[in-house]
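Listed below are the residues making up each chain.
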Amino acid sequence: SQTIHQWPATLVQPVGSPLSLECTVEGTSNPNLYWYRQAAGRGLQLLFYSVGIGQISSEVPQNLSASRPQDRQFILSSKKLLLSDSGFYLCAWGAVLAGGGEQFFGPGTRLTVL
Amino acid sequence: EDQVTQSPEALRLQEGESSSLNCSYTVSGLRGLFWYRQDPGKGPEFLFTLYSAGEEKEKERLKATLTKKESFLHITAPKPEDSATYLCAVPSNSGYSTLTFGKGTMLLVSP
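Just so you know, the protein sequences line up as chains G and D, in that order.
When we follow my numbering, the leftmost residue of the first sequence carries the number 1, and every step to the right adds one.
When we follow my numbering, the leftmost residue of the second sequence carries the number 1, and every step to the right adds one.
Rather than coming from a laboratory, the hints here were simulated on the basis of the structure.
Any given hint could turn out to be false.
To be verified - Listed next, the in silico SDA-like pairs over lysine to any residue satisfying Cα-Cα at most 20 Å (straight line):
#1 D:Lys42 - G:Pro107
#2 D:Lys68 - D:Glu81
#3 D:Lys63 - G:Glu102
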């Protein structure tokens, strides 16, 4: 069966510090991978998605970036965090299907920027 | 632009009091509608996929139905452990395997 891991689970970082969140998927090959942010009381905002190694699409211009160095590894980064980067970050994977399909989420990382 | 609207935003029920949550969508050529359950501080958990009008899916006390314009998540005789936020989503029209999510309905079931 497929599993998805995210770490760390919680993170408190000062403004201006760098960020690296990691997501790995087990039990599937060549998945689509996604990074979402969920702010308090708001819906899920898609940040980045990837259909293959080295292929990243950005949905929202911001100071975050994503990379996919391996088939089942997805990394979210920032060089300098802003207060507005606080939120709940979720990684998800989906099977490669034309036109979309189910996505399965990891446990999330709670990021607080002070 | 794809739109997914969920109502109500919040719903409070007594244990055993059945009700329904609504998810209305405006997308051209629906290619599936997905329901998720999200507990506080956790990632959304996949519940159902519905593909065509008239389709129904059930899981324990939950039943999801789909029409051409909306989906309902019926909760029969809910228990406190059904308390969660329920999200629905549809494939985005961009054609890149992305989903558009509604903002969710927060359900609280009191004993």
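Here is what the structure says about each hint:
| no. | hint | in the structure |
| --- | --- | --- |
| 1 | D:Lys42 - G:Pro107 | holds (5 Å) |
| 2 | D:Lys68 - D:Glu81 | violated (31 Å) |
| 3 | D:Lys63 - G:Glu102 | holds (18 Å) |
Checked against the numbered hints given earlier, this structure breaks only hint 2.
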